[in-house]
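Student: Assembly of the complex is requested from the two constituent chains, each provided in isolation within its own frame, with the hints serving as guidance.
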Amino acid sequence: MEHASEFVTMASFAVGSVVRRCGRLAGGAARLSTSARALGGDGMPAIIERHGKREVIGYGYNGQPNYIDRVDYPIPAVRFKEETPQIKALREKEKGDWKNLTKEEVQELYRATFCRTFAEIQAPTGEWKLALGGTLIACSLAIWVYIWMKLFVYDKMPATITDPQRVEAQVQRMIDLRMNPVQGVASNWDYEKGQWKN
Amino acid sequence: MIRNAFSRALVAGRAGFLQVAPQSASVAGCRHMSKVAESDEQLTARYVQYFESKDIDHWWLSKHINDLAGTDAVPEPDIIKACLHACRRLNDIAMAVRFMEIVHFKCGNRVKEIYPYVLQEVGPTLNELGIPTPEELGMDKPQLALEDVYDM
Numbered sequence: 001m002e003h004a005s006e007f008v009t010m011a012s013f014a015v016g017s018v019v020r021r022c023g024r025l026a027g028g029a030a031r032l033s034t035s036a037r038a039l040g041g042d043g044m045p046a047i048i049e050r051h052g053k054r055e056v057i058g059y060g061y062n063g064q065p066n067y068i069d070r071v072d073y074p075i076p077a078v079r080f081k082e083e084t085p086q087i088k089a090l091r092e093k094e095k096g097d098w099k100n101l102t103k104e105e106v107q108e109l110y111r112a113t114f115c116r117t118f119a120e121i122q123a124p125t126g127e128w129k130l131a132l133g134g135t136l137i138a139c140s141l142a143i144w145v146y147i148w149m150k151l152f153v154y155d156k157m158p159a160t161i162t163d164p165q166r167v168e169a170q171v172q173r174m175i176d177l178r179m180n181p182v183q184g185v186a187s188n189w190d191y192e193k194g195q196w197k198n
Numbered sequence: 001m002i003r004n005a006f007s008r009a010l011v012a013g014r015a016g017f018l019q020v021a022p023q024s025a026s027v028a029g030c031r032h033m034s035k036v037a038e039s040d041e042q043l044t045a046r047y048v049q050y051f052e053s054k055d056i057d058h059w060w061l062s063k064h065i066n067d068l069a070g071t072d073a074v075p076e077p078d079i080i081k082a083c084l085h086a087c088r089r090l091n092d093i094a095m096a097v098r099f100m101e102i103v104h105f106k107c108g109n110r111v112k113e114i115y116p117y118v119l120q121e122v123g124p125t126l127n128e129l130g131i132p133t134p135e136e137l138g139m140d141k142p143q144l145a146l147e148d149v150y151d152m
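Quick mapping for you: the protein sequence lines, in order, are chains A and B.
Residues in the first sequence are numbered from 1 upward in steps of one, following the numbering used here.
Residues in the second sequence are numbered from 1 upward in steps of one, following the numbering used here.
Hints listed in this document are in silico derivations from the structure and should not be mistaken for laboratory results.
The structure presented is a predicted model; accordingly, all values stated were derived computationally and were not measured.
Among the hints, erroneous ones may be present.
Here are the simulated DSBU-like cross-link-like pairs (lysine-lysine), alpha carbons at most 35 Å apart as the crow flies [what the hints assert, rightly or not]: (1) A/K81 - B/K141; (2) A/K53 - A/K95; (3) B/K141 - A/K103; (4) B/K141 - A/K99; (5) A/K81 - B/K63; (6) A/K53 - B/K54; (7) A/K53 - A/K103; (8) B/K54 - A/K81.
Chain B extracted, bound-state conformation (with noise of 0.2 Å):
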């Protein structure tokens, strides 16, 4: 609540230059100087509250898919779901691809355990939504080359 009506502030352009601090930017973020760990369900009821609220956008979309990648789990079935609702309210297909990748990605090396689970909990989902996944899609391997810098 407090997190909306401030990035509905931001939005709004009535915060001044100066009086941003950028400790307020953080506050929807994680808590880097919090001592309280936080347990995986809080976690997963943390992103999944992110995901389905109603006005999400662009902006947080990416920020919590980001901050999701950077955590060091693979993102619940529920989360999952969330996430992809709410690629499905921004009508942006390619941001839903594109999380499931990460999802394969964040499997790390045990992929072939874990993936399937997900694409099991997750493919009612998928079904409804209409979204393929990147091995339907033939994104598990790499389609096209990118010319490399040096080699230019």
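One chain only, chain A, in its complex shape (with noise of 0.2 Å):
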């Protein structure tokens, strides 16, 4: 039962379109037609569609009878709405002159259609400010994290670091043995006179 669903499933991509046709021709709505002859098989419906009683009105993104606002695919699979008497009403003023629809009946067969405008698609969301204060929280989370390290965890540091008397020993043998020469310690010791280059 599931291999066979799958593989019509497949091979409906490339019958997608057909079978959606047929089914709109067909039953003038939403349902997938289950006659044999569209589907080629033993008259099982193949993919259970969600859409109600919206009109399917093209192929959509993927060719499934969804409904999604997106700039890259405008017109969606199906319409946003389902048919009232009101909308139907509207629908037979639309088959006569547009310029009799007012703007109001205008929108509102438009929302019959879509859900959003491009406007509203592209509005901002604001996600942005929980973005950046999230990642701010964390890195000051990390920051109390290393105060609490460096209070409670780690030792003190050794006297031949902080005692100043030892690190300028230190830096003296390191000048006497001129260690790193090039672009280290003693590179910035002027041997002639004695004395720190600056």
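Tutor: What follows is the structure in structure tokens.
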């Protein structure tokens, strides 16, 4: 059963456009045609369609009768709203001269077919504030953890680093041994004058 | 011609389950494997021809509008006019308004230069058919807000 439906689903990508149009013209509405001729099989529906009574108007972006607002696939496969008597009446009026339609009626017809306008799809969501705020909170938590580590976990620094006399003696030793004479410590010491280069 | 005849065959359901090969379904779409690049005039002429066909239905209208929205270009005024007339034949003003929104969107970041020109060219057709532009309907600014699924 699983395999049969998968096979039909795969092949129905190629046939999808065929079967959609058959279904639309035969039933006038949404349900996939379950006639054996349309499916070529045992008449079982291959795909459960959830678009209710909404009219199929096209292929959509993936062949399924779904609705999605996308600026790169602007006309989805189904209308947004199901047909109510008010919309039906407006559709009848739409068949006449469009100059007789008021702006509100045009908007209502638009909203019956589409959920959001382009302006609404592209409207800023303010999500950047969440992202930036969350990131900065995480950074500050990390800094707090570091402070805790420094205070409670790490040992005190050894005397060889903190004692200035010892540090001076070590640097003197580095100069005497000419350690890293090209780019390091000894390269900053002027051996002729006996002082640091500036 | 071939395309219309083929689409009629699809409509009648005579094509069997396994006989419809994927490449046939795209005979009227873009030629992905063709080596000859199409010029702008050819593309314009092709789409004008599509929209002007007398028996266009919602399926083909949607397909051609979606294909146009996928091209990296602003539709020529000739295509826009043909599409608006096709919407008129199908009695669908929502599609016409949506198409004008699509044209506005395709102008990209040069919308201030291109869109006034488009409106100037297409304005007579809009007036003749009685189609308001999205700006006239107040749709150039967001009107309704859709609740994010993550906030529900």
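Student: Hints first: check each against the structure and report whether it holds.
Tutor: Consistency of the hints with the structure:
1. A distance of roughly 22 Å separates the Cα atoms of A/K81 and B/K141; the hinted pair therefore holds under the 35 Å criterion.
2. In summary, the hint linking A/K53 to A/K95 is supported, as the alpha carbons are separated by about 21 Å, within the 35 Å threshold.
3. For the proposed pair B/K141 and A/K103, the alpha carbon gap of about 16 Å is at most 35 Å, so the pair holds.
4. A hinted pair counts as satisfied when its Cα atoms are at most 35 Å apart, and B/K141 with A/K99 qualifies at roughly 23 Å.
5. Restraint check for A/K81 and B/K63: the C-alpha separation of about 20 Å stays at or below 35 Å, so the hint holds.
6. Restraint check: the Cα-Cα separation between A/K53 and B/K54 comes to about 28 Å, which is no more than 35 Å; the hinted pair holds.
7. Of the supplied pair hints, the one linking A/K53 and A/K103 holds, its CA atoms being roughly 26 Å apart against a limit of 35 Å.
8. At roughly 28 Å between alpha-carbon atoms, B/K54 and A/K81 fall within 35 Å of each other, so this suggested pair holds.
In the structure shown, no violation is registered for any of the earlier numbered hints.
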